[in-house]
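*Asks:* These protein sequences, in sequence, are chains A and B. For the first sequence, the numbering used here gives the first residue as 1, with consecutive numbering after it. For the second sequence, the numbering used here gives the first residue as 1, with consecutive numbering after it.
Calculated from the structure, these hints are not laboratory results. Computed from a predicted structure; not experimentally measured. Mixed in with the good hints there might be a few duds.
In silico contact screen, one side only, chain A against chain B (beta carbon under 7 angstroms); selected entries [to be verified]:
(1) Pro77
(2) Lys123
(3) Gly245
(4) Leu257
Ideal Cβ positions, reconstructed from N, Cα and C, are used throughout, including at glycine.
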Amino acid sequence: MTDTPQRTRPLRVLAAMSGGVDSAVAAARAAEAGHDVTGVHLALSANPQSFRTGARGCCTIEDSRDARRAADVIGIPFYVWDLADRFREDVVEDFIAEYEAGRTPNPCLRCNEKIKFAALLDKALALGFDAVCTGHYAKVIVNADGSRELHRASDMAKDQSYVLGVLDEKQLAHAMFPLGDTVTTKEEIRAEAERRGLAVAKKPDSHDICFIADGDTQGFLAKRLGKAEGDIVDESGTRLGTHEGAYGFTIGQRKGLRIGTPAPDGKPRYVLDISPVTNTVTVGPAAALDVTALTAIKPRWCGTAPTGPGTYTAQLRAHGGETEVTAEPVDGELRVTFTEPVRGVAPGQAIVLYDGTRVVGSATIASTTRATAAV
Amino acid sequence: MAYLDHAATTPMLPEAAEAFTAQLSITGNASSLHASGRQARRTVEEARETLAEALGARPSEVVFTSGGTEADNLAVKGLYWSRRSADPARTRVLASPVEHHAVLDAVHWLGEQEGATVEYLPVDSYGRVHPDALREAIARNPDDVALATVMWANNEIGTVMPVRELADVAAEFGVPLHADAVQAFGQVPVHFEASGLAAMTVSGHKIGGPYGIGALLLGREYTPVPVLHGGGQERHVRSGTLDVPAIASFAVAGRLAAEHREWFAREIGALRDQLVDAVRTAVPDALLGGDPAPEGRLPANAHFTFPGCEGDSLLLLLDAQGIECSTGSACTAGVAQPSHVLLATGADPELARGTLRFSLGHTSTEDDVEAVAKAIGPAVERARAAGLT
Numbered sequence: 001m002t003d004t005p006q007r008t009r010p011l012r013v014l015a016a017m018s019g020g021v022d023s024a025v026a027a028a029r030a031a032e033a034g035h036d037v038t039g040v041h042l043a044l045s046a047n048p049q050s051f052r053t054g055a056r057g058c059c060t061i062e063d064s065r066d067a068r069r070a071a072d073v074i075g076i077p078f079y080v081w082d083l084a085d086r087f088r089e090d091v092v093e094d095f096i097a098e099y100e101a102g103r104t105p106n107p108c109l110r111c112n113e114k115i116k117f118a119a120l121l122d123k124a125l126a127l128g129f130d131a132v133c134t135g136h137y138a139k140v141i142v143n144a145d146g147s148r149e150l151h152r153a154s155d156m157a158k159d160q161s162y163v164l165g166v167l168d169e170k171q172l173a174h175a176m177f178p179l180g181d182t183v184t185t186k187e188e189i190r191a192e193a194e195r196r197g198l199a200v201a202k203k204p205d206s207h208d209i210c211f212i213a214d215g216d217t218q219g220f221l222a223k224r225l226g227k228a229e230g231d232i233v234d235e236s237g238t239r240l241g242t243h244e245g246a247y248g249f250t251i252g253q254r255k256g257l258r259i260g261t262p263a264p265d266g267k268p269r270y271v272l273d274i275s276p277v278t279n280t281v282t283v284g285p286a287a288a289l290d291v292t293a294l295t296a297i298k299p300r301w302c303g304t305a306p307t308g309p310g311t312y313t314a315q316l317r318a319h320g321g322e323t324e325v326t327a328e329p330v331d332g333e334l335r336v337t338f339t340e341p342v343r344g345v346a347p348g349q350a351i352v353l354y355d356g357t358r359v360v361g362s363a364t365i366a367s368t369t370r371a372t373a374a375v
Numbered sequence: 001m002a003y004l005d006h007a008a009t010t011p012m013l014p015e016a017a018e019a020f021t022a023q024l025s026i027t028g029n030a031s032s033l034h035a036s037g038r039q040a041r042r043t044v045e046e047a048r049e050t051l052a053e054a055l056g057a058r059p060s061e062v063v064f065t066s067g068g069t070e071a072d073n074l075a076v077k078g079l080y081w082s083r084r085s086a087d088p089a090r091t092r093v094l095a096s097p098v099e100h101h102a103v104l105d106a107v108h109w110l111g112e113q114e115g116a117t118v119e120y121l122p123v124d125s126y127g128r129v130h131p132d133a134l135r136e137a138i139a140r141n142p143d144d145v146a147l148a149t150v151m152w153a154n155n156e157i158g159t160v161m162p163v164r165e166l167a168d169v170a171a172e173f174g175v176p177l178h179a180d181a182v183q184a185f186g187q188v189p190v191h192f193e194a195s196g197l198a199a200m201t202v203s204g205h206k207i208g209g210p211y212g213i214g215a216l217l218l219g220r221e222y223t224p225v226p227v228l229h230g231g232g233q234e235r236h237v238r239s240g241t242l243d244v245p246a247i248a249s250f251a252v253a254g255r256l257a258a259e260h261r262e263w264f265a266r267e268i269g270a271l272r273d274q275l276v277d278a279v280r281t282a283v284p285d286a287l288l289g290g291d292p293a294p295e296g297r298l299p300a301n302a303h304f305t306f307p308g309c310e311g312d313s314l315l316l317l318l319d320a321q322g323i324e325c326s327t328g329s330a331c332t333a334g335v336a337q338p339s340h341v342l343l344a345t346g347a348d349p350e351l352a353r354g355t356l357r358f359s360l361g362h363t364s365t366e367d368d369v370e371a372v373a374k375a376i377g378p379a380v381e382r383a384r385a386a387g388l389t
């Protein structure tokens with residue numbers, strides 16, 4: 001146990017290089033470990049012409065140039081692959097459709113599942129590579145029998161195993177995360193980049209959603225989906241105000257509701273439910289957000305699927321904490337019960353189950369059961 | 001390592017490198033009147049004479065520039081501006097659609113910004129402009145043509161154009177014809193006077209000279225409006241302090257290119273034929289780009305389309321085995337685009353993504369061909385499995 005693939009034998013590795021510091025250091029470490037590394041930058045935007053100074057995401061000429069520069073310093077071949085069509089289809093359109101349906105998607109998860117460890121990995125394997133390497137903070141552990149496990153990064157504060165929770169065993173078999181072992185701060189990764197002569201050492205971190213350059217998700221959605229005025233109502237159905245598109249809201253959201261009249265008890269109100277069919281947003285008190293159970297669809301397992309109920313810790317958001325649950329696969333779905341009620345659970349989000357630090361699997365939240373049967 | 005990308009740049013000739021370094025430590029601005037200046041001026045003028053002789057031109061017809069791109073821009077924009085200012089009706093620019101971007105983008109810019117009407121001449125499936133096509137285009141209205149530009153030989157697929165015949169047609173109507181001869185110089189006979197061209201571009205680093213130096217051969221009756229204004233060097237057509245080391249070195253490379261041309265065409269041409277045979281044996285469905293007839297293509301060029309492959313994938317696989325070549329087409333932000341040259345020849349856009357250009361040069365050997373012969377079959381198989389994304 002506990003031997004990571006990067007230490008076993010030299011592999012032909014394709015390093016996905018975004019142009020940021022993490023993926024550059026990851027590629028450098030893989031090369032230093034003796035692997036035969038080739039860098040590749042994914043052109044994911046249909047319009048890669050745009051320059052964005054200082055900002056970071058993917059797809060700009062600047063990012064592509066930074067990645068190339070890093071590859072040259074590391075001394076590895078470098079290519080740019082155009083996966084813009086696949087990305088638009090599988091990630092961006094999916095993102096918009098999910099919001100339109102009143103759900104809250106995580107595009108990074110989708111990108112790892114469909115692009116980095118599918119489109120990219122498939123092409124890499126066909127071209128004779130053994131593995132795809134990224135700058136994610138997560139660990140792959142190889143067991144004595146050759147099976148692989150995905151674990152949280154050594155440093156819990158930087159752990160990104162949540163966005164990799166969608167990977168199945170086959171994808172995991174060809175994944176390499178050279179940053180997963182390190183217990184270092186971001187500053188130390190930057191220092192390492194600097195020591196290695198990588199000019200990206202001082203580059204700012206990326207936005208959460210790379211294809212929304214300015215971080216304005218609402219503006220992005222409004223542009224694509226148009227304005228669709230509808231009602232904001234309370235739990236009893238009383239109209240409190242209007243909105244310009246139900247898709248613009250997330251369950252648990254408090255800010256930006258723009259309701260003139262305060263709640264009778266004077267307490268803040270939160271989005272409890274989004275109904276795309278009637279284009280209605282329902283708001284209510286925080287207590288009504290408490291979720292006791294949920295059903296999730298499209299489960300994906302990192303290894304063998306569990307056959308009965310089990311106790312796990314679950315993570316519900318990219319930067320969320322852990323919460324204790326019991327979960328059981330039933331008829332191709334995942335039924336989850338929370339030990340303590342949790343708030344801010346939105347359909348469309350992924351639930352990732354852990355056994356200690358090990359990722360067991362993930363699924364997409366389809367519906368929730370509230371403590372108060374208000375909605 | 002097998003370096004088969006000489007059309008991108010070719011190793012500097014030792015004689016050219018020697019001439020370059022010998023000049024680096026000598027002080028002198030060729031425009032100065034004192035002894036140091038006179039010494040520099042002498043070096044420049046001797047180089048001009050050498051180059052003129054190598055290219056069948058008069059020394060006064062050699063205008064030094066910073067390279068092929070600048071010479072192309074000076075010819076296309078400069079001649080457009082001067083011809084239009086002599087007669088405002090002359091705004092039509094005729095260009096082959098297979099030009100290098102240094103011409104293509106300059107022409108496009110004239111259309112966007114300077115009121116030019118750009119007309120792309122038809123080409124055949126080898127990418128060749130026929131004299132009749134030029135005649136037809138000019139004859140439609142001879143009075144409104146500012147200039148025509150057709151490259152001497154294509155950089156991607158190696159097709160050689162009938163320059164003399166094209167120049168005859170242009171001359172009949174009094175239209176100046178420019179040719180980008182960057183790839184042709186040293187490979188096919190290039191004689192400026194005999195060509196009948198008004199202007200012709202050559203570049204240093206494609207013939208074993210240094211980077212950053214080129215020349216526009218310019219008939220004495222033409223005075224293009226300068227792109228670079230300044231001290232009035234080079235017939236007031238191209239200002240800027242002359243780069244004495246680069247010019248001296250360029251001239252040495254130019255002289256050798258002319259002297260070795262027949263040897264090059266014979267020996268490197270034979271190696272190229274071996275390479276073509278080897279690729280066709282390993283990959284029977286590979287399509288040779290450009291004119292298959294030896295007299296119709298550059299002796300050092302071998303261009304292939306591999307159906308079902310992404311050119312980038314092939315590049316990666318060959319690079320991993322130390323074989324350096326090119327897809328031949330330009331990139332947008334590093335993303336390979338289907339070649340405008342192939343599209344102009346009527347190639348299927350899907351097919352046009354799977355191209356490789358092998359270009360040989362003075363350092364090429366049978367070992368290079370051998371390396372390609374061994375690697376290309378498995379590489380194509382792999383690239384096909386990876387498919388088109």
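*Asks:* Against the structure, test the hints numbered earlier, and report the numbers of the ones violated in rising order.
*Replies:* Checked against the structure, the hints that fail are numbers 3 and 4, while the rest are satisfied.
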